[in-house]
Amino acid sequence: MSGGEFKSLEESLEKNLPKEDYDEVRRILYGKNVEKLDCPEAARLAEAGKFEFKAYSLVHTTAKEQGRKPNLVRIGLIQNHIHAPTDAPVADQFSAIYARIESIIEAAAAAGVNVLCLQEAWTMPFAFCTREKQPWMEFAECAENGKSTKLLSTLAAKHNMVIVSPILERDFSDRETIWNTAVVISNRGEYLGKTRKNHIPRVGDFNESTYYMEGEDGHPVFETDFGKVAINICYGRHHPLNWMGYGLNGAEIVFNPSATVGALSEPMWGIEGRCASIAWGYFTGNINRVGTEHFPNEFTSANGKPAHKDFGHFYGSSYVGAPDATRTPGLSRTEEGLLVSEVDLNHIRQVRDSWGFPMTARLPMYAELLARKTSPGFEEQIVKQP
Numbered sequence: 001m002s003g004g005e006f007k008s009l010e011e012s013l014e015k016n017l018p019k020e021d022y023d024e025v026r027r028i029l030y031g032k033n034v035e036k037l038d039c040p041e042a043a044r045l046a047e048a049g050k051f052e053f054k055a056y057s058l059v060h061t062t063a064k065e066q067g068r069k070p071n072l073v074r075i076g077l078i079q080n081h082i083h084a085p086t087d088a089p090v091a092d093q094f095s096a097i098y099a100r101i102e103s104i105i106e107a108a109a110a111a112g113v114n115v116l117c118l119q120e121a122w123t124m125p126f127a128f129c130t131r132e133k134q135p136w137m138e139f140a141e142c143a144e145n146g147k148s149t150k151l152l153s154t155l156a157a158k159h160n161m162v163i164v165s166p167i168l169e170r171d172f173s174d175r176e177t178i179w180n181t182a183v184v185i186s187n188r189g190e191y192l193g194k195t196r197k198n199h200i201p202r203v204g205d206f207n208e209s210t211y212y213m214e215g216e217d218g219h220p221v222f223e224t225d226f227g228k229v230a231i232n233i234c235y236g237r238h239h240p241l242n243w244m245g246y247g248l249n250g251a252e253i254v255f256n257p258s259a260t261v262g263a264l265s266e267p268m269w270g271i272e273g274r275c276a277s278i279a280w281g282y283f284t285g286n287i288n289r290v291g292t293e294h295f296p297n298e299f300t301s302a303n304g305k306p307a308h309k310d311f312g313h314f315y316g317s318s319y320v321g322a323p324d325a326t327r328t329p330g331l332s333r334t335e336e337g338l339l340v341s342e343v344d345l346n347h348i349r350q351v352r353d354s355w356g357f358p359m360t361a362r363l364p365m366y367a368e369l370l371a372r373k374t375s376p377g378f379e380e381q382i383v384k385q386p
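The sequence shown lines up with residues 1 to 386 when you count with UniProt numbering.
To be clear, the hints were calculated from the coordinates, so they are not data collected in a lab. In this text, a Cβ means the ideal position worked out from N, Cα and C, and glycines have one as well. Don't take each hint at face value.
Lysine to aspartate or glutamate pairs mimicking EDC-like chemistry, simulated, CA-CA at most 20 Å apart [unchecked claim]:
no., residue 1, residue 2
1, K133, E298
2, K50, E335
3, K133, E176
4, K158, E106
5, K133, D87
6, K36, E10
7, K133, E214
8, K133, D310
9, K69, D353
10, K64, D324
11, K147, D171
12, K36, E24
13, K158, E102
14, K15, E5
15, K50, E102
16, K36, D23
17, K50, E5
18, K309, E298
19, K32, E10
20, K50, E106
21, K32, D353
22, K133, D92
23, K150, E106
24, K64, E35
25, K36, E47
26, K309, E132
Here are the simulated distance ranges between beta carbons [as the list claims (entries may be wrong)]:
no., residue 1, residue 2, range
27, D217, R352, 22 to 28 Å
28, K309, K64, 52 to 58 Å
29, E216, Y366, 18 to 24 Å
30, P386, N249, 44 to 50 Å
31, G49, F6, 20 to 26 Å
32, D217, M359, 27 to 33 Å
33, Q385, E35, 52 to 58 Å
34, R27, S375, 44 to 50 Å
Model the full assembly from the supplied sequences, consistent with the hints where possible.
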């Protein structure tokens, strides 16, 4: 069975294990049980649109408090594949993807989603593997008022929904420089701000530094009507201190919009976002695109293997992680989908109080270590055998 045919880990476990064993395996792997949410209209739209729809509630994992009312938020994640051949005109490729995303957003609205995030570079194929500049640079647009921002702003206002839109940005205020950027649109349909990818891969077919370099805007957190939101774009999830930055700045929900393939990163996928939720006390929304994208021209991977026209299989598997180590089941490895997760943001303080991670973090000790490491003459603290 190829990677593109294996639908999901959860489905395989449930199918092949006795129920008692499955329940215990699920508890160990995924934490507390999550409850299914009943969203009949969203389910109907998903069935008609032929995309997967899953909805869960994690609210029961949060204790009721005397002094605070529940702070419920519905998080939405969308994973999708491209909807036109990569040799079609750029405008046709964008229009095909947007039409699909618009229909899935309608289902998200029907499910009561408050904060929605799309996958990395959602407006285009993930063409950075090719190292070609044309036509892919033509997908780049202004973050503040580009085509995708205008279209999604209309939907955000219509549905009272915060939308995080990761795009290829062209910064017209700075020599038309290209960036990998996430735009945050408020639930009133207003441009709230943007953040850029902090870590750029140089691994295999991930030739992204041919197109853009690391962002320099730090770890901004966007205060919305539905919580404090941050975005750790794709490769940044491999860097624990990157996750830390959003936690120290007060994030309550951190999205990780991604485009990654099974041969390279899949064993890491279910660990990194969940580990960040635990360590830094916020919910994570981990989104990966799905499908295999074929390009007009062959390219190589600098590994001695034959040239090829595809990057490999993007394995989807989007999921939500919580501070207490609970996580939802993932979306399919093979299908487009919408994942909805209802959470109570009060959960964050409760877990911090329970585990005491902020109190025991020892940040000054690590700050001193990092200060020494980034200074000339650093010496490793090694105790040598006499």
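Quick rundown of the hints versus the structure:
| no. | hint | result |
| --- | --- | --- |
| 1 | K133 with E298 | holds, 14 Å |
| 2 | K50 with E335 | holds, 9 Å |
| 3 | K133 with E176 | holds, 14 Å |
| 4 | K158 with E106 | holds, 10 Å |
| 5 | K133 with D87 | holds, 14 Å |
| 6 | K36 with E10 | holds, 15 Å |
| 7 | K133 with E214 | holds, 18 Å |
| 8 | K133 with D310 | holds, 17 Å |
| 9 | K69 with D353 | holds, 18 Å |
| 10 | K64 with D324 | holds, 16 Å |
| 11 | K147 with D171 | holds, 14 Å |
| 12 | K36 with E24 | holds, 18 Å |
| 13 | K158 with E102 | holds, 12 Å |
| 14 | K15 with E5 | holds, 16 Å |
| 15 | K50 with E102 | holds, 14 Å |
| 16 | K36 with D23 | holds, 15 Å |
| 17 | K50 with E5 | holds, 17 Å |
| 18 | K309 with E298 | holds, 5 Å |
| 19 | K32 with E10 | holds, 15 Å |
| 20 | K50 with E106 | holds, 14 Å |
| 21 | K32 with D353 | holds, 18 Å |
| 22 | K133 with D92 | holds, 18 Å |
| 23 | K150 with E106 | holds, 17 Å |
| 24 | K64 with E35 | holds, 17 Å |
| 25 | K36 with E47 | holds, 17 Å |
| 26 | K309 with E132 | holds, 13 Å |
| 27 | D217 with R352: 22 to 28 Å | holds, 27 Å |
| 28 | K309 with K64: 52 to 58 Å | holds, 55 Å |
| 29 | E216 with Y366: 18 to 24 Å | holds, 22 Å |
| 30 | P386 with N249: 44 to 50 Å | holds, 46 Å |
| 31 | G49 with F6: 20 to 26 Å | holds, 23 Å |
| 32 | D217 with M359: 27 to 33 Å | holds, 30 Å |
| 33 | Q385 with E35: 52 to 58 Å | holds, 55 Å |
| 34 | R27 with S375: 44 to 50 Å | holds, 46 Å |
Hint compliance for this structure: every hint is met.
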